[in-house]
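*Asks:* Chains A and B, in that order, give the protein sequences. Residue 279 in the working numbering sits at position 279 of the first sequence, with consecutive numbering throughout. Residue 380 in the working numbering sits at position 380 of the second sequence, with consecutive numbering throughout.
No incorrect hints appear here.
No distinction is drawn between identical chains; accordingly, a pair holds when it is met within one copy or between any pair of copies.
Straight-line Cα separation of at most 30 Å, DSSO-like style, residue types lysine-lysine; simulated pairs:
#, residue 1, residue 2
1, LYS57, LYS197
2, LYS11, LYS197
3, LYS164, LYS35
4, LYS164, LYS496
Source of the hints: derived by calculation from the structure; they are not laboratory data. Please read all numbers here as calculations on a predicted model, not as lab measurements.
What follows is each chain in one-letter form.
Protein chains: 2
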Amino acid sequence: MPVSVSFGSGKLHLSNAFELKTKGSKFADASGILKEAFSRTIDIVRSSHVVELDTSKVVPSLVLRGIHVVISSPSDELQYGTDESYKLYIPAHGNPIYACIEAKTVYGALHGLQTFSQICSYNLSTRGILVHQVPWTIVDQPRFSYRGLLIDTARHYQPLQVIKKIIDAMAYTKLNVLHWHIVDTQSFPLEIPSYPKLWDGSFTIFERYTIADAEEIVSYAKKRGIHVLAEIDIPGHAESWGFGYPSLWPSENCTGPLDVSNDFTFKLIDGILSDFSKIFKFKFVHLGGDEVDTSCWIITPRVRSWLHKQGMSDSDAYQYFVLRVQKLALSHGYEIINWEETFNHFGSKLNPQTVVHNWLGGGVAENVVKAGLRCIVSNQDKWYLDHYIRWQDFYSNEPLENITNHELHSRVLGGEVCMWGELIDAADIEQMVWPRAAAAAERMWTSYDKLAKDPNDVRSRLSHFRCLLNQRGIAAGPLEGLGLTRPFGPGSCYTK
Amino acid sequence: MPVSVSFGSGKLHLSNAFELKTKGSKFADASGILKEAFSRTIDIVRSSHVVELDTSKVVPSLVLRGIHVVISSPSDELQYGTDESYKLYIPAHGNPIYACIEAKTVYGALHGLQTFSQICSYNLSTRGILVHQVPWTIVDQPRFSYRGLLIDTARHYQPLQVIKKIIDAMAYTKLNVLHWHIVDTQSFPLEIPSYPKLWDGSFTIFERYTIADAEEIVSYAKKRGIHVLAEIDIPGHAESWGFGYPSLWPSENCTGPLDVSNDFTFKLIDGILSDFSKIFKFKFVHLGGDEVDTSCWIITPRVRSWLHKQGMSDSDAYQYFVLRVQKLALSHGYEIINWEETFNHFGSKLNPQTVVHNWLGGGVAENVVKAGLRCIVSNQDKWYLDHYIRWQDFYSNEPLENITNHELHSRVLGGEVCMWGELIDAADIEQMVWPRAAAAAERMWTSYDKLAKDPNDVRSRLSHFRCLLNQRGIAAGPLEGLGLTRPFGPGSCYTK
Chain A
1 MPVSVSFGSG KLHLSNAFEL KTKGSKFADA SGILKEAFSR TIDIVRSSHV
51 VELDTSKVVP SLVLRGIHVV ISSPSDELQY GTDESYKLYI PAHGNPIYAC
101 IEAKTVYGAL HGLQTFSQIC SYNLSTRGIL VHQVPWTIVD QPRFSYRGLL
151 IDTARHYQPL QVIKKIIDAM AYTKLNVLHW HIVDTQSFPL EIPSYPKLWD
201 GSFTIFERYT IADAEEIVSY AKKRGIHVLA EIDIPGHAES WGFGYPSLWP
251 SENCTGPLDV SNDFTFKLID GILSDFSKIF KFKFVHLGGD EVDTSCWIIT
301 PRVRSWLHKQ GMSDSDAYQY FVLRVQKLAL SHGYEIINWE ETFNHFGSKL
351 NPQTVVHNWL GGGVAENVVK AGLRCIVSNQ DKWYLDHYIR WQDFYSNEPL
401 ENITNHELHS RVLGGEVCMW GELIDAADIE QMVWPRAAAA AERMWTSYDK
451 LAKDPNDVRS RLSHFRCLLN QRGIAAGPLE GLGLTRPFGP GSCYTK
Chain B
1 MPVSVSFGSG KLHLSNAFEL KTKGSKFADA SGILKEAFSR TIDIVRSSHV
51 VELDTSKVVP SLVLRGIHVV ISSPSDELQY GTDESYKLYI PAHGNPIYAC
101 IEAKTVYGAL HGLQTFSQIC SYNLSTRGIL VHQVPWTIVD QPRFSYRGLL
151 IDTARHYQPL QVIKKIIDAM AYTKLNVLHW HIVDTQSFPL EIPSYPKLWD
201 GSFTIFERYT IADAEEIVSY AKKRGIHVLA EIDIPGHAES WGFGYPSLWP
251 SENCTGPLDV SNDFTFKLID GILSDFSKIF KFKFVHLGGD EVDTSCWIIT
301 PRVRSWLHKQ GMSDSDAYQY FVLRVQKLAL SHGYEIINWE ETFNHFGSKL
351 NPQTVVHNWL GGGVAENVVK AGLRCIVSNQ DKWYLDHYIR WQDFYSNEPL
401 ENITNHELHS RVLGGEVCMW GELIDAADIE QMVWPRAAAA AERMWTSYDK
451 LAKDPNDVRS RLSHFRCLLN QRGIAAGPLE GLGLTRPFGP GSCYTK
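Throw the hints in and build the complete structure from the sequences for me.
*Replies:* In structure tokens form, the structure reads like this:
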């Protein structure tokens with residue numbers, strides 16, 4: 001829901017020769033971001049039905065001829081905090097009539113195009129595309145600058161085409177961070193030029209991403225205004241790393257967490273982060289740090305004696321590991337995101353640049369921001385897409401809950417819904433993500449006072465949005481499903 | 001599996017400037033079918049990874065420069081029985097080296113391109129596309145000329161984009177008939193210009209297909225060598241027709257089957273078939289005829305008295321209805337397909353042009369062909385995709401089972417797997433169809449002696465094919481699933 005919106009009761013026909021004008025815009029579009037987005041917008045608007053109306057034969061005063069996009073920043077840099085605001089005007093009259101998007105950056109303009117695409121719809125009477133309820137004036141910007149979706153390519157590999165479709169639908173829902181949980185215990189699919197044997201830990205040679213593939217994903221996402229947040233989940237979720245470099249394991253029989261006693265471990269992580277910094281230009285890198293079971297450190301004699309020599313408990317070593325890697329990340333120019341266990345165990349020791357990523361439950365953000373750190377909210381009881389959670393709970397989960405001091409609000413960067421991949425592959429990912437992620441997306445985009453107090457007030461809109469996703473070829477499931485659900489029986493999409 | 005295949009142990013690099021040559025071909029490609037298919041083939045081959053190899057720097061004797069397609073028929077007409085054979089040669093040497101497809105029709109050539117696409121794969125060492133195991137000589141043609149997949153847009157509407165993706169994947173599996181079960185009891189989504197109130201029986205105005213939409217589907221399918229078989233399932237599955245024309249119902253309280261006593265019923269069907277004949281150019285139309293519960297004819301006084309006057313039992317009236325509609329279809333130039341109940345009830349009365357569509361169980365084709373009629377096999381215990389049936393059973397279902405007289409084999413046109421839509425919408429259709437439909441597709445394409453006696457011998461190939469579908473963006477599910485199944489746990493696509 002936009003910050004402010006007004007509309008009328010007029011109608012315009014979308015011209016068959018609908019065009020993009022950019023006169024007066026300071027954005028030169030050398031990389032084609034705007035032109036391509038415009039052309040995708042028109043394709044999508046026209047995809048639900050064959051357009052038969054010949055708008056050259058309609059009275060010109062009823063035809064919307066194009067959209068005039070005026071962008072004030074010449075840069076196409078996409079970075080955390082890049083302005084995403086836009087204004088969209090669609091007049092009811094004019095000669096000729098053009099809609100207008102004003103935005104500070106091209107990424108704001110892309111949001112404006114998405115909104116525009118949802119105002120257009122195929123009309124059976126005219127057999128063309130109608131722009132409804134003109135004149136429109138929409139002023140809009142997101143509440144949170146971090147609106148994420150996690151995908152996990154370690155438990156199951158996701159082909160490039162599948163990731164691209166996820167990104168497409170993220171753009172439709174105005175989510176802006178693809179948190180790419182690339183590697184984990186089960187597999188290491190990504191090429192790391194500095195340590196080329198790391199992807200020996202992939203499931204098969206067919207289930208790998210080259211650096212060029214990763215760059216393609218970053219570039220594809222950027223063209224849709226979406227950041228890619230890369231994660232290495234260390235030291236606890238990294239057994240697959242040792243297939244290429246067994247010395248990363250405490251021992252052959254005790255293969256995780258990564259060996260804290262071995263300098264090679266940190267040298268290798270430094271290499272990964274160095275390679276990451278060439279591809280993943282998002283200001284943040286995710287360093288994991290959750291679910292660290294230190295048993296192997298304790299029972300492996302070599303590691304145990306090292307701990308003893310350092311005068312560290314296993315718990316100290318966990319802290320040592322995380323903090324040492326934080327420094328490496330900072331040295332490569334990254335700010336850091338860590339899962340909340342790091343905060344829960346040694347919050348006061350974390351680098352002040354740390355963003356704490358909540359997942360265990362509610363109420364964490366409150367403590368994090370009081371401690372002076374920043375937070376991303378993903379509490380698993382509400383925002384884990386692999387759990388059987390109703391869309392209403394996705395909608396109602398408020399990242400700022402119980403944070404009464406308004407000055408601390410800005411420390412909550414936003415939130416993220418998580419699509420963990422244990423039971424998710426290329427076949428079921430879209431259904432598991434959509435439409436529930438869209439319910440959370442509205443929570444993260446919309447200003448607090450515009451949000452529905454009762455999520456059921458949103459049902460009809462969300463149900464329509466799910467059908468819109470289907471029209472666009474996205475396999476969003478029935479609203480009342482908790483993920484992978486077949487419809488209960490025959491009927492309309494709009495009542496499910 | 002092709003009719004004959006030989007291959008070597010060489011490798012070629014697919015040129016970045018891979019080109020289509022058609023010198024000597026009699027097919028002018030005015031409609032762009034071949035050019036577009038060629039370009040799709042290359043896009044698909046390159047979709048799994050970013051190609052980095054610069055083939056202009058590779059020794060020319062190791063680069064496959066293009067494919068030379070020679071077609072002997074100038075026509076792009078697609079009709080039942082259109083020759084689908086092709087020969088594919090990929091030499092190991094030459095200067096320059098070109099692959100060659102020879103085909104009688106462009107539709108044979110399309111199959112050749114599909115096969116070619118499966119011989120190519122991305123290679124991590126070269127970072128380019130390799131053509132494996134050259135030289136290849138493949139001679140190929142289908143065993144059955146009817147290899148169908150039914151979709152049902154009456155129980156749930158399927159958006160255009162979803163139907164197009166189903167057609168895409170049909171082309172990958174060399175299925176060639178999309179049986180479009182358009183309308184049924186629950187809804188009537190298709191525009192019928194002769195009777196424009198018929199689609200008042202759609203779920204909503206958003207869940208309709210215009211004539212232009214239907215033409216788009218037919219055209220999209222044709223460009224991929226796929227026929228569209230349109231069905232009206234009468235008189236038993238047609239309650240939705242009465243929302244626009246209530247006089248089609250025996251009464252307001254007893255709304256099916258269509259009123260056999262009313263001449264308007266047949267006039268309207270004639271109108272539908274007349275409209276169909278302008279869009280659906282496939283030689284066959286499907287007239288349904290299954291599951292006719294005649295109770296409403298018996299208990300509605302007006303219809304009962306008409307039956308009495310005609311000296312007909314309700315069962316006679318069922319026969320009368322089907323045969324009268326068969327004549328209408330013939331008058332519009334169609335041959336007829338009817339579900340098997342028509343054969344079971346009054347087989348000897350059916351027009352000799354009838355194709356009997358088996359579904360109730362096995363053993364029907366045998367009786368149909370002995371009776372001099374033709375048959376399509378879809379026995380629900382093996383080839384119904386909405387039932388929980390293993391892929392092995394899809395693979396093993398033999399359309400010619402127990403037909404010992406070889407002269408009768410040609411009366412079995414082929415088979416069809418059926419994706420009934422009660423519990424299927426845009427979200428789950430792909431997973432329910434693939435990869436199980438691909439197992440049946442091999443049964444229908446491959447000559448009998450090349451088929452695996454034990455379907456488990458096919459497992460590895462089918463598992464790879466499922467992963468290939470995923471790479472191409474098709475949501476094919478795990479092999480061992482019976483439709484909508486999540487993977488059992490983390491792991492490789494290739495072992496599921």
